[in-house]
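Residue numbers (my numbering), protein chains in the order written: chain A, 11 to 352; chain B, 11 to 352; chain C, 11 to 352; chain D, 11 to 352.
There may be inaccurate statements among the hints.
If chains are identical, the list can't say which one is meant, so a pair holds when it fits in one copy or spans any two.
In the SDA-like style, the derived pairs of lysine to any residue whose C-alpha atoms are separated by at most 20 Å in a straight line are [as the list claims (entries may be wrong)]:
hint: 1; residue 1: Lys314; residue 2: Met11
hint: 2; residue 1: Lys310; residue 2: Ala285
hint: 3; residue 1: Lys233; residue 2: Thr140
hint: 4; residue 1: Lys233; residue 2: Gln180
hint: 5; residue 1: Lys233; residue 2: His100
hint: 6; residue 1: Lys314; residue 2: Ser36
hint: 7; residue 1: Lys270; residue 2: Glu25
hint: 8; residue 1: Lys53; residue 2: Arg202
hint: 9; residue 1: Lys314; residue 2: Asp13
hint: 10; residue 1: Lys314; residue 2: Ala39
hint: 11; residue 1: Lys314; residue 2: Gly282
hint: 12; residue 1: Lys233; residue 2: Asp138
hint: 13; residue 1: Lys310; residue 2: Arg284
In case anyone wonders, no lab produced these hints; they're calculated from the structure.
Number of protein chains: 4
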Amino acid sequence: MIDFSCDYNCGCAPEILAALTAANESQHATYGLDVISARAKEKIRAAVENPDADVYFLVGGTQTNATVLSAILRPWEGVVSAASGHIAVHESGAVEATGHKVLTVAADEYGRIEPETLRDYLRGFYADETFPHMVQPGAVYLSHPTEYGGLYSAAALREIRAICDEYALQLFVDGARLAYALASPETDVTLRLLGEVCDVFYIGGTKCGALLGEAVVFRGAQKHFFTAHKQRGALLAKGYLLGLQFDALFTDGLYFRLGKQGTDCALALREGLRAMGVVFCPESGSNQQFPVLTPGQLQKLQGKIGYEIWQRLPDGSAVIRLCASWRTTGADVDAVLDALRV
Amino acid sequence: MIDFSCDYNCGCAPEILAALTAANESQHATYGLDVISARAKEKIRAAVENPDADVYFLVGGTQTNATVLSAILRPWEGVVSAASGHIAVHESGAVEATGHKVLTVAADEYGRIEPETLRDYLRGFYADETFPHMVQPGAVYLSHPTEYGGLYSAAALREIRAICDEYALQLFVDGARLAYALASPETDVTLRLLGEVCDVFYIGGTKCGALLGEAVVFRGAQKHFFTAHKQRGALLAKGYLLGLQFDALFTDGLYFRLGKQGTDCALALREGLRAMGVVFCPESGSNQQFPVLTPGQLQKLQGKIGYEIWQRLPDGSAVIRLCASWRTTGADVDAVLDALRV
Amino acid sequence: MIDFSCDYNCGCAPEILAALTAANESQHATYGLDVISARAKEKIRAAVENPDADVYFLVGGTQTNATVLSAILRPWEGVVSAASGHIAVHESGAVEATGHKVLTVAADEYGRIEPETLRDYLRGFYADETFPHMVQPGAVYLSHPTEYGGLYSAAALREIRAICDEYALQLFVDGARLAYALASPETDVTLRLLGEVCDVFYIGGTKCGALLGEAVVFRGAQKHFFTAHKQRGALLAKGYLLGLQFDALFTDGLYFRLGKQGTDCALALREGLRAMGVVFCPESGSNQQFPVLTPGQLQKLQGKIGYEIWQRLPDGSAVIRLCASWRTTGADVDAVLDALRV
Amino acid sequence: MIDFSCDYNCGCAPEILAALTAANESQHATYGLDVISARAKEKIRAAVENPDADVYFLVGGTQTNATVLSAILRPWEGVVSAASGHIAVHESGAVEATGHKVLTVAADEYGRIEPETLRDYLRGFYADETFPHMVQPGAVYLSHPTEYGGLYSAAALREIRAICDEYALQLFVDGARLAYALASPETDVTLRLLGEVCDVFYIGGTKCGALLGEAVVFRGAQKHFFTAHKQRGALLAKGYLLGLQFDALFTDGLYFRLGKQGTDCALALREGLRAMGVVFCPESGSNQQFPVLTPGQLQKLQGKIGYEIWQRLPDGSAVIRLCASWRTTGADVDAVLDALRV
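With the rest of the complex left out, here is chain A (with noise of 0.2 Å):
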């Protein structure tokens, strides 16, 4: 069975592996202070334009999220997200635990926030005269690309950033899948924008051909991140081992050709869908694809391509999830048509 139904189920990239076979012997310095992580963090400085950038390796997704929402807002400050957002869902309250509001928008069909809706959010905020009873916006969530494939443009980036400005937030970018973002036509958005725009951000290792890892970037030095991030757990012992895998994802545009060959596969396989009349909910433009499809293409799928099923509707039919990852091939992409064309 080809597995479609998820991008983080196997192991990593081969020169990761390779990597981490190379170093296993030697000794490295505890608590990403080595040498390698330092080589990883120039690359990283680079990719990003800015030599300013303060970064970090930090294990998974929730960890990154709470360990850097907790680290950049006040007591005071909730955190302004999507109410589709990874954060304001699936992380078991991980920023609540550290003392924090979710405070949800709506997100657009792509899980997207849209300029608009923040800046009516904090309009409204402010015009009612008991906020000071209420948590304080303090900082912005976003997903690119989102829990549902969305992307952002830069002018969207760019113009969220503006708003943050205009009411002192700080922008927060969450780029778990940001490999498949980053290569994918359908959007404008670069590191070096990222770095641009957002306070911090974080390039997502742990979906995009690493073993895990995510690599947090910061616009400007943090002189007490590293004593934060080792209060929340998030201080890998082994700090190399995170290191390493960067190194090598930043090596020879590794991290972007693992990126294009998710979403490319992504992108041939809606093109191929597309071409028998299914429709997406949403249309995404990255590795993960939301077909709709009739209880006879759910069946002929069955048994031969790994899916997960996104949402069950009336008519027996269903939105389902195909993730694309960096070690999808075309083939894959083939037999999934197939299999529906047969």
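Add chains B, C and D to chain A, keeping to what the hints say.
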């Protein structure tokens, strides 16, 4: 240079690297619900001789300590720890960040809480009629071996358990370096005993031959620990990575062999140093040795042997820490002794 | 100007001021361990008809909500609240600051959680197989009357209790304005019923004739709530100040008389407004009235009657809030009606 | 029986009761935004001689300590306190419940932190190269007078301020019994000095003649403390109740007179006891006295004078606490001395 400065500055045992490599291409259920993790848990339940034990794999020590303690304590409770305990000193306030005070008691010279110290503390606590205005002791935290290489005896652990029963406290043992304690001829504490006397303890992987990972063992089923550790960012997306390491560690006695290698080397080193008249502060029966060396002796190690200064003494001598590990060889031990003999 | 804008902007009932004055010269045991507090607790246990009830006096509503909820929830649990619930909107994230998410469900037009809404939420929650990755519902928060003057029926509360039993949830009722609900002919909820269906509820003092204070009533003994509320800064050094107010309130039915005065006036006001053709949004059976007034009517109140704009409507009319209280008189009510009749 | 056991077991000064009674019928803006509170704040700014001071009225000491500290610290920071400090011992972990560790240093016999002790602690902290793994000192907590009646000198406070500046720490002084310190001939610390050297301190009301209430004084404007203290349940709905008490206390020097009464009585008591050869442990210059009495002396007080056993000594004697307060009279003092003279 032969490095005795640290026992977590290199990779993993070859068996683990092989397992990791072998599993890299396959797809695995996420979040630790994979078959390899299930198998590893089964092996640990067998090793602990408790079929009801509930096992979870977390990433690192600070994360484990804070996650477990926050899950077992109620808000008004704190955890009793030796003043030199890792949670009291070197975890950046991770326990306090979850809202709980670390209640410190004096340790003996080995970093252990003596049963009588614990009893006196508890008697004194409840004898003070203002006790309802103070943080209530809710659990006891021990490390075995301690931060100073100290080892509890089975009798001491049983006595501490009895005190915990008397005062309705939970007992949690931090086993970050447990393999080395299990291999020591100087303690009769076994995995089975830990499973019996502890409400929860953990079997350290990071410092005992794994790349990373700690196996948390609860005496009975925990309905909500899955959510609890997700909330603290301690649930690994690719949980199979941790499961396969513990699967390897608990296959053919690997965990015990790795521990034995480290502890045997440490005790050989101790023997050799003793023969030279070196004293220890304290004298450890596990993988960490704390010899007191003269300035001349320190000089002799310079550039040949990596070590950590533990405490500088007024006369220029110093207590140093020499960590043997699963990777240390007899030749490494000889190198230290030879360097000093010159 | 006759002020209907708020029901907590003046002092206390004369009986309370007299008690306070009488007790001012005496010495009282501290921290609520005084004889007056003991007597007040006994009276409340009698009023609730539960000799096992455990009663504590806290200072204010937000403090009470956060203190009680943090004491009854486990870290991975959240509290289900109407989206319009006070804890979800106007308490500055006090509940989240203790680490718990407020899980919001839609309220009916009266600000109540309908039993079916609660049941649907819980069914949907557990039907989603990703639920272990989400905050677990651990308690239900209701306010009676609600923030919109809404009143539960005994049948609704019993049904909610049954749902709580089915899903192992605790039920907490915020009774900040409870006196006014108890006096309403439009609900059959009694103190006894609250003591029966709630794990814990509170009898509001601040808005019901006391200077300040809320009486928290647990169905059974709480071994550690003394420490829990001390920890949240909610234990008053001079606890007798709160005890004596509730002692007075529960002597000769004062609490009920004060509530009746407020609710009777509010209902008279409602009757008078209705007779003028005014509609309500919503129509409340307790001390707060939410009439929809035209611009002309709003103009007529100007400078004569204090009120609060609740919601401005596009046509220039507005929903306003008129709060009657234990201090409101029939003459005050007439003043409003007269002003509008001019 | 004349009660010297506690200084917060009775009501308030007559001037305050009169003000409370006078204001009981009027309507007041809520949440401390009333004119009486504004006037009280103005008087406090004048007393502190700092027109920029930002003043808030909270309800009690534990609440104030935890609310202020959580508002000024960042998550990775702790507060340095004497090991005998109230926040370290008798507040049920209120500070830890907000996520912050209390970093204890040894107190002198008076419960004070000596400047040299603070400097040594900080030097040692930063000299330890593992310091980024530890909670960072972010503020210093002092109480004046201390829990043992100890008094800082202006010179000591200035030196502590200089150390705070050197190490980028904030200085917070707990003035729960401040009136008694301000009245002591044995310290030159003034309100003005506190306003100058502290980032924030509080002027205690509860123990100094008010019914309840503490006035928090920040050196400069706090944009978000309103929300911060609402979040901690520390914003009183009827804020005028606190404002009017401080308005009375800072009218015609009442606060200073009340303090003087307590301290004068305490010093007279000290003088009388000294004349009998009684020693003190420690010898306090403020309203609390800690004489060491023989079993015979203790016997003589029995049934006549209320006191608190502070520490039982092996020979049957005891250190007792005798609290004078604003209500104590010369006759009360004589009663103690007479009882012992019999």
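Is the C-alpha distance from Lys233 to Asp138 at most 20 Å within one copy, between copies, in both cases, or in neither? between (36 Å within a copy, 17 Å between copies)
Checking Lys310 and Arg284: alpha-carbon separation at most 20 Å within a copy, between copies, both or neither? Answer is within; shortest intra-copy Cα gap is 17 Å, inter-copy 64 Å.
Intra- versus inter-subunit Cα pairing at 20 Å for Lys233 with His100: between (30 Å within a copy, 18 Å between copies)
Are the CA atoms of Lys310 and Ala285 at most 20 Å apart within a copy, between copies, both, or neither? Result: close within a single copy only, 17 Å intra versus 67 Å inter.
Have a look at Lys314 and Asp13 and pick one of within, between, both or neither, based on CA distance no larger than 20 Å. Answer is within: at 8 Å inside a copy they meet the 20 Å cutoff, but 52 Å across does not.
One pair to classify: Lys53 and Arg202, alpha carbons no more than 20 Å apart. Within, between, both, or neither? Answer is within; shortest intra-copy Cα gap is 13 Å, inter-copy 48 Å.
Treating 20 Å as the Cα threshold, decide for Lys233 and Thr140: within, between, both or neither. Classified as between; 15 Å across copies, 35 Å inside a copy.
Please sort Lys314 with Gly282 into within, between, both or neither, judging by C-alpha distance up to 20 Å. within (17 Å within a copy, 64 Å between copies)
Under a CA distance limit of 20 Å, which applies to Lys314 and Ser36: within one copy, between copies, both, or neither? Answer is between; shortest inter-copy Cα gap is 16 Å, intra-copy 43 Å.
Taking 20 Å as the upper bound on the Cα-Cα distance, should Lys314 and Met11 be classified as within, between, both, or neither? Close inside one copy (5 Å), not across copies (55 Å); limit 20 Å.
At most 20 Å between CA atoms: does that hold for Lys233 and Gln180 within a copy, between copies, both, or neither? Answer is both; intra-copy 17 Å and inter-copy 17 Å each pass.
Between the shortest in-copy and the shortest cross-copy C-alpha distance, which are at most 20 Å for Lys270 and Glu25: within, between, both, or neither? within (16 Å within a copy, 34 Å between copies)
Figure legend: structure checked against the earlier numbered hints; every hint is met.
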